[in-house]
Amino acid sequence: MTHPRWHRRHVLAATLAACGGALALPRSASAQARSHLTLAMVAEPQTLDPMASTADLVGTIMQHVYEPLYTFNGKWHIVPMLAEALPTVSADGRRYVIPLRKGVPLHSGRELQADDVVASLKRWMEMAPRGKAVAKEVEDLAADGAGKVVITLKNAYAPLLAQLALPTGMAAIMAKEAIATPLKEFIGTGPYRFKERKPDQYVLLSRFEQYSPRKEAASGYGGRREALVDELRFVPVPNANTRVEGVLAGQYHFADLLPIESLPRLEQANGRVVPIRTPSFGFPYLVFNTKEGVFASQPLRQAVEMAIGEGEMMAAGFGDTRFFSVQPNHFPEGTPFYSTAGADHYNQRNAAKAKELAEKAGYKGEPIRVLTSRQYDFHYNMALVMAEQLKRAGFKPQLEVVDWATLVQRRNDPKLWDLYVTHSGQFPEPMLSPPQLGDGAPGWWNSATKQRVLADFNREADPAKRGALWAKVQQLVYEEVPYIMVGKFSSLSARLPALEGYAPAIWPFFWNVRVKG
Amino acid sequence: MHRYLASRLLGLLAVMGIVAVFVFVLTHAAPGDPVAVLLGDQASAEDIARVRVQYGLDKPLPVQFAYWLREVLHGNLGQSIFLQRPVTQALAERAEPTALLAAMAVLIASAIGVPCGVASAVYRGRWIDQLFTGIAMLGASIPSFWLGLVLMQLFAVGLGWFPVSGYGSPEAGLGERLHALVLPAIVLGLLNSALVIRFTRAAMLEVLEEDYVRTARSKGLPERTVVLKHALRNALVPIVTVIGLTVALMIGGAVVTETVFGLPGVGSLVVNAVLRRDYPVIQGALLAVAAIYVVINLLVDLLYMAVDPRVKL
Amino acid sequence: MKLPLTLRRLMRRRIVMAAAAVLAIVAVMALAAPWVAGHDPNDTEVMARLQGPGAAHLLGTDELGRDLYARIVHGARYSLAIAALTATGAVLFGSLIGLVAGFFRRLDAPLMRVVDAMMALPDILLAIALVAILGATLVNVVLALVFVYTPRVARVVRASTLVVRELLFVEAVRALGVGTARILWRHILPNLMSPILVQLSFIFAYAILAEAGLSFLGVGVPPDIPTWGTMVAGSQQYAHQAFWVVLFPGLAIIVTALSLQLLGDGVRDLLDPRLKKSM
Chain G
1 MTHPRWHRRH
11 VLAATLAACG
21 GALALPRSAS
31 AQARSHLTLA
41 MVAEPQTLDP
51 MASTADLVGT
61 IMQHVYEPLY
71 TFNGKWHIVP
81 MLAEALPTVS
91 ADGRRYVIPL
101 RKGVPLHSGR
111 ELQADDVVAS
121 LKRWMEMAPR
131 GKAVAKEVED
141 LAADGAGKVV
151 ITLKNAYAPL
161 LAQLALPTGM
171 AAIMAKEAIA
181 TPLKEFIGTG
191 PYRFKERKPD
201 QYVLLSRFEQ
211 YSPRKEAASG
221 YGGRREALVD
231 ELRFVPVPNA
241 NTRVEGVLAG
251 QYHFADLLPI
261 ESLPRLEQAN
271 GRVVPIRTPS
281 FGFPYLVFNT
291 KEGVFASQPL
301 RQAVEMAIGE
311 GEMMAAGFGD
321 TRFFSVQPNH
331 FPEGTPFYST
341 AGADHYNQRN
351 AAKAKELAEK
361 AGYKGEPIRV
371 LTSRQYDFHY
381 NMALVMAEQL
391 KRAGFKPQLE
401 VVDWATLVQR
411 RNDPKLWDLY
421 VTHSGQFPEP
431 MLSPPQLGDG
441 APGWWNSATK
451 QRVLADFNRE
461 ADPAKRGALW
471 AKVQQLVYEE
481 VPYIMVGKFS
491 SLSARLPALE
501 GYAPAIWPFF
511 WNVRVKG
Chain C
1 MHRYLASRLL
11 GLLAVMGIVA
21 VFVFVLTHAA
31 PGDPVAVLLG
41 DQASAEDIAR
51 VRVQYGLDKP
61 LPVQFAYWLR
71 EVLHGNLGQS
81 IFLQRPVTQA
91 LAERAEPTAL
101 LAAMAVLIAS
111 AIGVPCGVAS
121 AVYRGRWIDQ
131 LFTGIAMLGA
141 SIPSFWLGLV
151 LMQLFAVGLG
161 WFPVSGYGSP
171 EAGLGERLHA
181 LVLPAIVLGL
191 LNSALVIRFT
201 RAAMLEVLEE
211 DYVRTARSKG
221 LPERTVVLKH
231 ALRNALVPIV
241 TVIGLTVALM
251 IGGAVVTETV
261 FGLPGVGSLV
271 VNAVLRRDYP
281 VIQGALLAVA
291 AIYVVINLLV
301 DLLYMAVDPR
311 VKL
Chain Z
1 MKLPLTLRRL
11 MRRRIVMAAA
21 AVLAIVAVMA
31 LAAPWVAGHD
41 PNDTEVMARL
51 QGPGAAHLLG
61 TDELGRDLYA
71 RIVHGARYSL
81 AIAALTATGA
91 VLFGSLIGLV
101 AGFFRRLDAP
111 LMRVVDAMMA
121 LPDILLAIAL
131 VAILGATLVN
141 VVLALVFVYT
151 PRVARVVRAS
161 TLVVRELLFV
171 EAVRALGVGT
181 ARILWRHILP
191 NLMSPILVQL
201 SFIFAYAILA
211 EAGLSFLGVG
221 VPPDIPTWGT
231 MVAGSQQYAH
241 QAFWVVLFPG
251 LAIIVTALSL
261 QLLGDGVRDL
271 LDPRLKKSM
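In order, the protein sequence lines correspond to chains G, C and Z.
Take the first sequence: its position 235, counting from 1, is numbered 235 in the numbering used here, and each next residue is one higher.
Take the second sequence: its position 71, counting from 1, is numbered 71 in the numbering used here, and each next residue is one higher.
Take the third sequence: its position 261, counting from 1, is numbered 261 in the numbering used here, and each next residue is one higher.
Certain hints may be false.
Unchecked claim - Some chain Z residues judged to face chain G by a derived CB distance under 10 Å, without partners named:
no., residue
1, R49
2, L50
3, P53
4, G65
5, G218
6, P223
7, G234
8, A239
As the list claims (entries may be wrong) - With a straight-line cut-off of 30 Å between C-alpha atoms, the simulated DSS-like cross-links for lysine-lysine are:
no., chain 1, residue 1, chain 2, residue 2
9, G, K391, G, K415
10, G, K148, G, K136
11, C, K59, G, K184
12, G, K360, G, K176
13, C, K59, G, K415
14, G, K102, G, K176
Honestly, the hints are just simulated from the structure, not real lab data.
Glycine included, every Cβ here is placed at the ideal spot set by N, Cα and C.
Isolated chain G (complex conformation):
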């Protein structure tokens, strides 16, 4: 039987104990001499196996643990990473001899050998989507002694090195004995090693003491990498708002992919945070189902191309003009693949003409199923505006807003959708993205012209000539409309002033950065 006074005292005591605990100094403050960085990311990575997912997040985290043979420097040129130097390529462009660096330690302690590289690449070619695309071109892959790897191709294939270099769906080099599916151990050669993962809480990477850096100066993802911070903590913070508030409150050292709307807030914070603009981050694009349904008809796709106004869509998605640009060229000015071919098809926003074309093409008012997701808010905002533009041209858009997992699954079934919204990073090599330039990706674009034009494009070994050949591909994309590139955007992230040495990158990396104080 509870006596009221005892009950009260009991409650009081318990409350005091809780308060006392809360006021006590956190144990971490005194015990810690290790430096660490808390990095707020957009989500929990679905897997830590870089070959099992093409998600940016997985690449961002695991690029600290695994290294590729080649990578991109600050000018998006291919530079060697685990390879000693650029490969020796035979005259017909079919044989690549890749020399490996010597004395590179794996996280398990022993030295990296050529068979580790061969085993890793074989796995990559079986598992990763881009790996599978490369596998179609490869005739043979073998080690030549302990220090060289030889790749023999069926035909010249210009994008090979770029495919090996991209951090997402990475051709990661792993220790041979750690290879398994699913991966249980993460043994790579990177400046950080895998320490611990608590799903939905954090992924911890700690400095690899025996890391052997390259000698060249750091540039982009290449060159010398040094782990100046003891521990990296990647925490999933799916709510964009919380990422903003967290970095403002000093709880995170770095907050990734922030909404452009939060920029004024970041700028007015009295220097508490440093907003980071990563220019030329990527491009949103719309994919058409060319196999089944309404858009199996090319004239109808062209009608849609006429109806939409990419400019209005980009404004709805990104708001601040500092962060987006509306240009018909798929590749930025100054890059080898810059071209304005097909520009007259871009940003037409001509509802009347589109309606006419649609009627002629036999459009009878069928619903147009548009798949989109709120995981990236700009996808959704753009889809809303596009729906209005389509309505003005007499189309009947039907927005299906699903979570990203469902979208990724649904887009594999040609019976379920007509159009979907997604985005990609802006890469220097066209074949890296969008996947519709390859075979078998959702949308299933295939035509005799496509095969011919792309074969020409990829067989050309001379980079100077290849740049010009892209114009033909771009023109074809504007004419056959398998996908529509909407525009280009920059991304916004933020860091604390205490985080020094950070270089803006599409996949943020934290080697060569230090934390002050």
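We have chain G already, so just place chains C and Z on it with the hints.
Structure of chains C and Z alone, referenced to chain G:
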């Protein structure tokens, strides 16, 4: 007593059995393939089929249910597809923040609710009663995410007294963890105090009209003693009942608050599992939460019975 | 000093009357939405995004330049419709189950076990799971919420049925040969009206909050349907530079839910002081 206990336990088993069937049917009727999600964006159809067999997802439903039930009875809730670890382990890891949060929130809810409810009952009809009853109603009308966002803006972002989100750093001690729970506990505590106020008030009102209270008053005892010593003591039983139920409610009901503040608790585990189509986690977590709720209910009823001999079996 | 009984009743009633008036206003605005709104709630004016309350837009605009006042008024239609359908459904099914369980002794235990099972799962979690399975459409959200709240109504109605059953000496009446259906329909049901009405009002309020919570988590109605919940969920990341996008829909939720609860409480006090205890 034993017969009552036995019949209650049987009832409990029946309830859990129904919950098990229900939970199983629920999760397997869901669209979205967890294997496709696990293997990533562009996995091939053969890969997906292979892993489906690996997880036994290709067998007919009743067979899957039988397997699952057998495992559950052995304490094995299965393996999470996404987290690559046993569901029981995932639950155990996520139990701490939810449990601590529930405890703190109940403390706050009681600390506010009981005194207000008592005052409301004692000064029935006067402005205090109106005020507290009105506040109780307001509390039950505010969406928890709204209150969470407001408090977060005021105290975490504006004043910086508390972390904006999360459960403390990986090596945090209990103090830091509790500190991170203060704001969410205040949100839950405030909103649930509404319930406690109402029940306390109702219980006190009933008790205050009983004969023995009248007797105490006529004996000339000061009102304060009458209220606190005699009335409250007897009203404690339904009050404790409500508090017990509140704890049970919070175990799974703090989902929205956990999401707002980024707490790695059981509620957010289930939400993420639903979004990722992680069937084993959804099933296991719902089952566990239901079991806890049912057990707490039973304990509260037993406590009620033990404490108040007037209650008929 | 206690106020005189009549004055207390009057004060109580005044607040209840005020609550009822607020609800009436909300309902009228929802019904008359197309004429009252002024703007098209889906009209995206990207150049006019995130403007504060002013002459052109009474309550400001959201992140796509849509008029907030128009969206709240149209949103009232959806939020109220969802909540009303939920409350009606839950009350109908719950009353049926509760009535049967309370009246037919042999069906009581099994029915109540099922009800207990449904109540063993916390409402939000259950609603999330249900919506995930059925798919996130407006109809499915209503179905899920009906499923969640039916057992709660069933419990209350069963308890009241048990009480009324004893009061009416049902055994005796039955012995006289009066048909079961007649007993249920003409004698028991009328006496259940007040707890049923009270439940209707409360479930209505809970449903509004539940729908908002589901939408906030991203597992409610599709975001292009403007309910108050999806408005808060969709605009929360703009809350700091444009707090009105979250403030006004939030206030709409609070005001409506509060009025419903005050109304329910008032109805309970007025109609049947005996059954005050049955929550």
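Verify the interface restraint on G65/Z: the C-beta must sit less than 10 Å from at least one C-beta of chain G. Holds, because the Cβ-Cβ distance from G65/Z to chain G comes to roughly 8 Å (cut-off 10 Å).
Given hint K415/G paired with K391/G - CA-CA distance at most 30 Å: Answer holds: K391/G to K415/G is near 23 Å, not above 30 Å.
Under the criterion of a CB-CB separation shorter than 10 Å, is A239/Z in contact with chain G as hinted? Check passed: Cβ of A239/Z comes within 7 Å of chain G, closer than 10 Å.
Straight-line alpha-carbon gap K59/C to K184/G, limit 30 Å: holds (27 Å)
Taking the closest Cβ pair, is P53/Z under 10 Å from chain G? At 18 Å from the nearest chain G Cβ, P53/Z fails the 10 Å test, so the hint is violated.
Can the hint on R49/Z be confirmed by a CB-to-CB distance to chain G that is less than 10 Å? OK, holds: R49/Z within 10 Å of chain G, min 7 Å.
Using Cβ atoms only, decide whether G234/Z comes closer than 10 Å to chain G, and label the hint accordingly. Result: holds, 8 Å to nearest chain G Cβ.
Status of the P223/Z interface restraint (C-beta, 10 Å, chain G): Cβ of P223/Z sits 5 Å from chain G, so the hint holds.
Between the alpha carbons of K59/C and K415/G, is the straight-line distance 30 Å or under? holds (25 Å)
Holds or violated: are the alpha carbons of K102/G and K176/G at most 30 Å from each other? holds (17 Å)
Does G218/Z meet its interface restraint, that is, does its C-beta lie within less than 10 Å of any C-beta in chain G? The hint holds - G218/Z has a Cβ within 10 Å of chain G, the shortest such distance being about 7 Å.
Supplied contact hint for L50/Z, tested at 10 Å Cβ to chain G: Holds, because the Cβ-Cβ distance from L50/Z to chain G comes to roughly 7 Å (cut-off 10 Å).
Hint violations for this structure: numbers 3, 12, all remaining hints satisfied.
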